[in-house]
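A.B. asks: Could you build all of it, start to finish, from the sequences and the hints given here?
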Amino acid sequence: MGQRKLERKPVFAVVVTVLFFAWLYLPILAVALFSFNDKKSLSTFSGFSLRWYDDLIHNSALLDSLVASLEIASVATVGSLVLGTMLALGLERVRSRKGRVIGAVTLLPLVTPEIVTGVAALLLFTGVGLKLSMTTVILAEVTFSIAYVTVIVRGRLAGISIEVEEAARDLGCTPFQAMRLVTLPTLVPALVGAGLLVFALVFDDFVLAFFTTGVDPQPLPVRVYSSIRFGVSPAINAIGTLMLLGSALLIVAALAVPRWIGRGTSSLDLITGGQK
Amino acid sequence: MSSAPSTTPPANGTPSVSLRSLTKVFGGSTVVDALDLDIESGEFFSLLGPSGCGKTTTLRMIAGFSDPTSGTILVGGEDVTSTPPHQRDVNTVFQSYALFEHLDVRGNVGFGLRRRGLDKATLNRRVSEMLELVELGDRGKERPSRLSGGQRQRVALARALINEPKVLLLDEPLAALDLKLRHAMQAELKSIQREVGITFLFVTHDQDEALSMSDRVAIMNGGVIEQCGTPEDVYERPTSVFAAGFIGTSNLMSGTWSHGAVAISADISIPAPGHQGSAEGDAVSVAVRPEKIWLSELTPEMFRVPGTIVSTTYHGATTRYLVALTPDLTLAVLEQNLPRMRAEERWDPGDRVEIGWLPEHTVVLT
Numbered sequence: 001m002g003q004r005k006l007e008r009k010p011v012f013a014v015v016v017t018v019l020f021f022a023w024l025y026l027p028i029l030a031v032a033l034f035s036f037n038d039k040k041s042l043s044t045f046s047g048f049s050l051r052w053y054d055d056l057i058h059n060s061a062l063l064d065s066l067v068a069s070l071e072i073a074s075v076a077t078v079g080s081l082v083l084g085t086m087l088a089l090g091l092e093r094v095r096s097r098k099g100r101v102i103g104a105v106t107l108l109p110l111v112t113p114e115i116v117t118g119v120a121a122l123l124l125f126t127g128v129g130l131k132l133s134m135t136t137v138i139l140a141e142v143t144f145s146i147a148y149v150t151v152i153v154r155g156r157l158a159g160i161s162i163e164v165e166e167a168a169r170d171l172g173c174t175p176f177q178a179m180r181l182v183t184l185p186t187l188v189p190a191l192v193g194a195g196l197l198v199f200a201l202v203f204d205d206f207v208l209a210f211f212t213t214g215v216d217p218q219p220l221p222v223r224v225y226s227s228i229r230f231g232v233s234p235a236i237n238a239i240g241t242l243m244l245l246g247s248a249l250l251i252v253a254a255l256a257v258p259r260w261i262g263r264g265t266s267s268l269d270l271i272t273g274g275q276k
Numbered sequence: 001m002s003s004a005p006s007t008t009p010p011a012n013g014t015p016s017v018s019l020r021s022l023t024k025v026f027g028g029s030t031v032v033d034a035l036d037l038d039i040e041s042g043e044f045f046s047l048l049g050p051s052g053c054g055k056t057t058t059l060r061m062i063a064g065f066s067d068p069t070s071g072t073i074l075v076g077g078e079d080v081t082s083t084p085p086h087q088r089d090v091n092t093v094f095q096s097y098a099l100f101e102h103l104d105v106r107g108n109v110g111f112g113l114r115r116r117g118l119d120k121a122t123l124n125r126r127v128s129e130m131l132e133l134v135e136l137g138d139r140g141k142e143r144p145s146r147l148s149g150g151q152r153q154r155v156a157l158a159r160a161l162i163n164e165p166k167v168l169l170l171d172e173p174l175a176a177l178d179l180k181l182r183h184a185m186q187a188e189l190k191s192i193q194r195e196v197g198i199t200f201l202f203v204t205h206d207q208d209e210a211l212s213m214s215d216r217v218a219i220m221n222g223g224v225i226e227q228c229g230t231p232e233d234v235y236e237r238p239t240s241v242f243a244a245g246f247i248g249t250s251n252l253m254s255g256t257w258s259h260g261a262v263a264i265s266a267d268i269s270i271p272a273p274g275h276q277g278s279a280e281g282d283a284v285s286v287a288v289r290p291e292k293i294w295l296s297e298l299t300p301e302m303f304r305v306p307g308t309i310v311s312t313t314y315h316g317a318t319t320r321y322l323v324a325l326t327p328d329l330t331l332a333v334l335e336q337n338l339p340r341m342r343a344e345e346r347w348d349p350g351d352r353v354e355i356g357w358l359p360e361h362t363v364v365l366t
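Chains as they are written, first to last, in my numbering: chain U, 1 to 276; chain B, 1 to 366.
Simulated from the structure, these hints should not be mistaken for lab results.
For every residue, glycine included, the Cβ atom is placed at its ideal position computed from N, Cα and C.
Warning: the hint list may mix true and false statements.
Said to hold, decoys possible - Where chain U lies over chain B, by a calculated footprint (3+ residues, C-beta under 8 Å):
| id | segment |
| --- | --- |
| 1 | 83-96 |
| 2 | 112-119 |
Stated by the list, open to error - Label pairs and their calculated CB-CB ranges:
| id | chain 1 | residue 1 | chain 2 | residue 2 | range |
| --- | --- | --- | --- | --- | --- |
| 3 | B | Thr69 | U | Val82 | 36 to 42 Å |
| 4 | B | Gly117 | U | Pro109 | 43 to 49 Å |
| 5 | U | Gly155 | B | Asp67 | 27 to 33 Å |
| 6 | U | Asp64 | B | Asp67 | 57 to 63 Å |
| 7 | U | Pro185 | B | Asp138 | 23 to 29 Å |
C.D. replies: Have a look at this one:
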């Protein structure tokens, strides 16, 4: 965005940046590399092999957990999108002091330590006699994710003039039609962005899942954690590599798809602050 | 107010819009105060006033976005006071344009007709015609975000006009454009209005815009119409101090009515033979436009008074002088820089001059 030109080469900044990214990504690259190791060793790479991926395919417990985590993330994404968007639209209309108080309360989950939320959810579920299962994980994750959706959607709503909705009504829409035909379509980039963010957050969320999950199937992060206690299997490297690949593809899609369909701006720009 | 504003045009058929004692109270303050107004079919009518005068609120009540506290709104003779916006036969061009960013230009322009369930062939033809009218024939597939400000403005206009409403409401539609584009769009808007023949109700705070485009102008202030008439009426014959000061610039002098003249100081008395309705000793004001005052070539029928040039400001086409008649009474005088005038013929500060103006240019305000 900013096109400021520097007069001399910023050597120091370049060095720091390279070090930063190395620190950030080298361990992850190591995981990917050792997932192809033909020995169990995590320190010496002795040769290329796909045996850990083969292991993974036959590890039904790990695969069940992967499917469970995908399910939890999908349902929680849809649920928090619906509720969070409704909350954002509602808050946009309550521009009084009451509205600001509600808006501030909405943000609390973002700053509450997750372990507190997790313990609270556990106490609530056992208190009302709800059996811990995937359902309780989803309930907890939705509660936790609504705030993210609301923040992102409100950000986008703030950029849309109230006149846009009035224009729709002026041109023959009932208030409901104006919402369906104009406001929601205008919010699509924000909804996609919020959806991706929530999916990514929920999919690998450990703390909430750990407190609220039942015995079987366990969400993937919980399963990985418990299996690590019996020694790290490179099969976990393999699943990590696959997940990395999956999220990379997701990000590329989120950046590219809006451009293909000619929308010009990507949903991720809302999160990364790029473009408009 | 001195005289009732003439808010009723020469009657020919049902007015497009009629407001009957329309009132809006927001949190205890009266924003629009018992407004009465008739806008004739096919008229280009402007509501002109400073921000907060109630002009936009009036527009929003006609569009249906704001409910009147009391009073009646008629569109085409039909009471629409409690009709929701989507059922009113009016359309709006919003100040922010309010284009639908998720639709292309054609989608935006055809939006209203699609809501009415027009068949696809007719819809396409009408959209194409409308895009030709606003000279956007080749931009139909563009997203609004890729258009310039002027083009976005045209899309907003086309999107509203295509529905052929009884009245088109325009809420400061040119305010966001730069000066040059604004002048071009003024002329274009006016010619489009002539071509389609739809009643335009134009809200603006720009007097220049209101004067140059409108058939009639209503000057609003504090929720009431101060004066309503043709651009010439409101400029040449303002009926209130506010109107005289808001449109153009006026030299305002306060004085007392005495023997058919206004005494503005111990020895200056400005005759106003045509003025009626003031009693001896009443406090009145006198307004004279700076460009009506002559600094040279005075004629016998003019009211003449001596003064001293205080300052001169060169504006290119004109020169503006401040002339002191008494130590605390200074008038602005605007003189054309005519081709025959050379620089040394202009006046300098300190010069003693005699200024004068024709009696019909003296406007008495009570």
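A.B. asks: A separate judgement is required for each hint: does it hold in the structure or not?
C.D. replies: Cross-check of the supplied hints:
Under a criterion of three residues with beta carbons nearer than 8 Å to beta carbons of chain U, the stated coverage of the segment 83-96 of chain B is upheld, 9 such residues being counted. Counting residues of the segment 112-119 of chain B whose beta carbon lies closer than 8 Å to any beta carbon of chain U gives 3, which reaches the threshold of three, so the coverage claim holds. Checked against the hint of 36 to 42 Å, the pair Thr69/B and Val82/U passes, with Cβ atoms roughly 38 Å apart. In this structure, Gly117/B and Pro109/U meet the distance hint of 43 to 49 Å, their C-beta atoms being roughly 45 Å apart.
Distance hint check: the CB atoms of Gly155/U and Asp67/B are about 31 Å apart, consistent with the given range 27 to 33 Å. At roughly 59 Å, the beta-carbon separation of Asp64/U and Asp67/B lies within the given 57 to 63 Å, and the hint holds. The given range of 23 to 29 Å is respected by Pro185/U and Asp138/B, whose C-beta atoms sit roughly 25 Å from each other.
Checked against the numbered hints listed earlier, the structure breaks none of them; every hint is satisfied.
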